[in-house]
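2 protein chains.
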Amino acid sequence: MEQVRIPFENLVATLTSCLIKQGFEQDRAIRCATLFAQADRDGVYSHGVNRFFLFLDFIKKGFVIPQNEPELIAQIGMMERYDGRSGPGNLNAEFAMDRAIELAKSFGMSAVTLMNTNHWMRAGNFGWQAADAHCIGICFTNTISNMPTWGGSEPKLGNNPLVIAIPRSSGHVVLDMAMSQFAYGKMEIAKKKGEQLPFDGGFDSNGNLTKSPEDILFSHLALPTGMWKGAGLSLMLDILVTVLSGGNSTMEVGKDGIEKGLSQVFICFDPVKLNLTEWMESKIDSIIADLKSSSVFEDKSVRYPGEQVLQIRESNLKSGIPINTELWDKLLTLSTS
Amino acid sequence: MEQVRIPFENLVATLTSCLIKQGFEQDRAIRCATLFAQADRDGVYSHGVNRFFLFLDFIKKGFVIPQNEPELIAQIGMMERYDGRSGPGNLNAEFAMDRAIELAKSFGMSAVTLMNTNHWMRAGNFGWQAADAHCIGICFTNTISNMPTWGGSEPKLGNNPLVIAIPRSSGHVVLDMAMSQFAYGKMEIAKKKGEQLPFDGGFDSNGNLTKSPEDILFSHLALPTGMWKGAGLSLMLDILVTVLSGGNSTMEVGKDGIEKGLSQVFICFDPVKLNLTEWMESKIDSIIADLKSSSVFEDKSVRYPGEQVLQIRESNLKSGIPINTELWDKLLTLSTS
Numbered sequence: 037m038e039q040v041r042i043p044f045e046n047l048v049a050t051l052t053s054c055l056i057k058q059g060f061e062q063d064r065a066i067r068c069a070t071l072f073a074q075a076d077r078d079g080v081y082s083h084g085v086n087r088f089f090l091f092l093d094f095i096k097k098g099f100v101i102p103q104n105e106p107e108l109i110a111q112i113g114m115m116e117r118y119d120g121r122s123g124p125g126n127l128n129a130e131f132a133m134d135r136a137i138e139l140a141k142s143f144g145m146s147a148v149t150l151m152n153t154n155h156w157m158r159a160g161n162f163g164w165q166a167a168d169a170h171c172i173g174i175c176f177t178n179t180i181s182n183m184p185t186w187g188g189s190e191p192k193l194g195n196n197p198l199v200i201a202i203p204r205s206s207g208h209v210v211l212d213m214a215m216s217q218f219a220y221g222k223m224e225i226a227k228k229k230g231e232q233l234p235f236d237g238g239f240d241s242n243g244n245l246t247k248s249p250e251d252i253l254f255s256h257l258a259l260p261t262g263m264w265k266g267a268g269l270s271l272m273l274d275i276l277v278t279v280l281s282g283g284n285s286t287m288e289v290g291k292d293g294i295e296k297g298l299s300q301v302f303i304c305f306d307p308v309k310l311n312l313t314e315w316m317e318s319k320i321d322s323i324i325a326d327l328k329s330s331s332v333f334e335d336k337s338v339r340y341p342g343e344q345v346l347q348i349r350e351s352n353l354k355s356g357i358p359i360n361t362e363l364w365d366k367l368l369t370l371s372t373s
Numbered sequence: 037m038e039q040v041r042i043p044f045e046n047l048v049a050t051l052t053s054c055l056i057k058q059g060f061e062q063d064r065a066i067r068c069a070t071l072f073a074q075a076d077r078d079g080v081y082s083h084g085v086n087r088f089f090l091f092l093d094f095i096k097k098g099f100v101i102p103q104n105e106p107e108l109i110a111q112i113g114m115m116e117r118y119d120g121r122s123g124p125g126n127l128n129a130e131f132a133m134d135r136a137i138e139l140a141k142s143f144g145m146s147a148v149t150l151m152n153t154n155h156w157m158r159a160g161n162f163g164w165q166a167a168d169a170h171c172i173g174i175c176f177t178n179t180i181s182n183m184p185t186w187g188g189s190e191p192k193l194g195n196n197p198l199v200i201a202i203p204r205s206s207g208h209v210v211l212d213m214a215m216s217q218f219a220y221g222k223m224e225i226a227k228k229k230g231e232q233l234p235f236d237g238g239f240d241s242n243g244n245l246t247k248s249p250e251d252i253l254f255s256h257l258a259l260p261t262g263m264w265k266g267a268g269l270s271l272m273l274d275i276l277v278t279v280l281s282g283g284n285s286t287m288e289v290g291k292d293g294i295e296k297g298l299s300q301v302f303i304c305f306d307p308v309k310l311n312l313t314e315w316m317e318s319k320i321d322s323i324i325a326d327l328k329s330s331s332v333f334e335d336k337s338v339r340y341p342g343e344q345v346l347q348i349r350e351s352n353l354k355s356g357i358p359i360n361t362e363l364w365d366k367l368l369t370l371s372t373s
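In the order they appear, the protein sequences are chains S and H.
Here the working numbering runs 36 ahead of the position in the first sequence, where the first position is 1.
Here the working numbering runs 36 ahead of the position in the second sequence, where the first position is 1.
Isolated chain S, as found in the complex (with noise of 0.2 Å):
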């Protein structure tokens, strides 16, 4: 596919003027195109402008209502609640991010949970926001089901992206991954160029585990990561979500087929009011260190989470973003028209 370079600027630039033309106000059409962008020049190809159309089609639709914004239904403590009210999700979730490190500055840790909010697109963007404001973030979502459980023949529990993330001055570490082995977007494209997935990936519909992405498009049952491990992990962010928001869960997310209204969590812990920070950084750094002095396997090599998203940013950064050719001019008309 042909790929254009887009200056950052540039791309938040003309995301936010399409944005303002579907009705979000000039404030938040810029924070959700820089969310948008932001996944792109991360490297997060998969839930950046190539999410865009299906979010303005969310819009068009009715599932996503671009002025809606969070509203605080309980506070207890250091714990918010908070409604969605079907707004952007990733609007939602900077906004409860920010309300979790906020609480955090003042009680040392805290809990701000939503419901009824949608899809939030990359999920590492709330962790990074977390660790750029110095503070320790995890934070997770339910989705629609699409994975099977243990032993099933069929999709019923959701990947429910998990974040965890750590500030460190010399880069953060950011854990960004979903309960699925393999994303959807890299099976479709691995079935394009028509190969096999490196390791299994899912089930065919006979129940055996494969590596084929046609397979596993066709029966939807993607791997839970680490098999029936990762199947538990995924219904109990499900239960947490759904139980601390008062949301729905993924098997009420997807009972018209649409993902939405989906819930969340977000929890920040703040070393600073926590006084954390004598050993914090030397602890990280020597934990870091070690790690990337293990020796590897012939042509391998070792990299801790969020290591090469930030080689990534400078290097698109420096050169453009990379969008593809016909999407970007699909983005000038509608930014323009």
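Where hints are given, some of them may not hold.
Copies of the same chain look alike in the list, so a pair counts if it works inside one copy or between any two.
Said to hold, decoys possible - Pairs of lysine to aspartate or glutamate, EDC-like flavour, derived with a Cα cap of 20 Å:
1) 227 / 292
2) 229 / 365
3) 97 / 365
4) 296 / 326
5) 291 / 326
6) 328 / 190
7) 97 / 224
8) 328 / 288
9) 141 / 190
10) 291 / 190
11) 247 / 314
12) 247 / 236
13) 354 / 317
14) 336 / 134
15) 336 / 190
16) 222 / 236
17) 57 / 45
18) 328 / 343
19) 336 / 326
20) 291 / 321
Derived from the structure by calculation, the hints contain no laboratory data.
Assemble chain H onto chain S, guided by the hints.
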């Protein structure tokens, strides 16, 4: 192996006598014995009396100090940090989860950390403890390094067990998972039986994924659950316990080759204080019912985390706890000598 069936109370009493002979005060001996016996009662035979003589050996060597209780280092709102002072790991962990429960009942949510503690034996005990107190409990620990990171050819990560427990009147939902796909104990058993693992469980010395327990026990390269994903999660859990407790990281734990001086975190949410009880029970019940209603591949069934524990517990309480005959004789000798 021949087994005897020992009534639960009898097992606790025998272990208690053994511990008193090792210098435990009576109250602490009873609690420590109960925690060991609970593991066997619930079917987690790898971390019950099978670990008891190793535990006694650690006492003899001075790694575990029977009378040492956790000492409060810092208290900031809903978070408390303790020095475990090399006390018995299971007693320290039980104490820490108790404090987390108490703090959650005051504040809604809480975190308690332990530095300088020892192996907590069966991780799930402390999840069931929180759930029995009607709280949501999350706890995790680091361990000695026993897994490679993704691409690495030497153990650099711990298998860092993670527990998430949700209370429910018709049976708590409790996930108790280590970050390795298979426990070394399980691989030992498979090796003794001359069996292969059902799925890849680690790397051989050439870096190839293998089902051979023999090869994995030789290379000491157990597979992180979900490959790169479990490796990432293991690292994040190690950073979290280390930073939040101020204690040792996995790399420091392993320095002298002995698994001691661990770091642990216990997080608790009180659904009553947080006003979650209106929907909590019904939401969890419907999630579990939906999971259990999953269609399955032939000869398969689906379970929720913790389901099997209750079945085994009921059976073992009725028929007696199965203990290896030789081990039971050793315990009897020790308790009466």
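Can you give me the call for residue 57 and residue 45, within, between, both or neither, at a CA distance of at most 20 Å?
within (19 Å within a copy, 72 Å between copies)
First find the shortest C-alpha distance between residue 291 and residue 326 inside one copy, then the shortest across copies, and answer within, between, both or neither for a cut-off of 20 Å. between (47 Å within a copy, 12 Å between copies)
field: Within, between, both or neither: residue 328, residue 288 at alpha-carbon 20 Å
entry: between (43 Å within a copy, 15 Å between copies)
Quiz item: How would you classify residue 227 and residue 292 at a CA-CA limit of 20 Å: within, between, both, or neither?
Solution: neither (27 Å within a copy, 49 Å between copies)
For this session: Go through the copies and call it for residue 141 and residue 190: within, between, both or neither, with a Cα cutoff of 20 Å.
Result: neither (43 Å within a copy, 39 Å between copies)
- Indicate which option fits the pair residue 296, residue 326 if close means a Cα-Cα distance not exceeding 20 Å: within, between, both or neither. Answer is between: at 19 Å across copies they meet the 20 Å cutoff, but 42 Å inside does not.
From the Cα coordinates, with 20 Å as the cut-off, is the pair residue 336 and residue 190 best called within, between, both, or neither?
Answer is between; shortest inter-copy Cα gap is 13 Å, intra-copy 36 Å.
Fill in: Homo-oligomer pair classification [residue 314, residue 247; C-alpha up to 20 Å]
neither (47 Å within a copy, 44 Å between copies)
Are the CA atoms of residue 336 and residue 326 at most 20 Å apart within a copy, between copies, both, or neither?
Within one copy, since 16 Å is at most 20 Å while 42 Å is not.
Homomeric proximity label, residue 291 with residue 190: Cα distance no greater than 20 Å: within (14 Å within a copy, 46 Å between copies)
Q) Between residue 328 and residue 343, at a C-alpha cutoff of 20 Å, which is it: within one copy, between copies, both, or neither? A) Within one copy, since 11 Å is at most 20 Å while 40 Å is not.
| request: With 20 Å as the alpha-carbon cut-off, assign the pair residue 229 and residue 365 to within, between, both or neither. | output: neither (24 Å within a copy, 63 Å between copies)
Hints 1, 2, 3, 7, 9, 11, 13 and 14, counting from the list given before, are not met by this structure.
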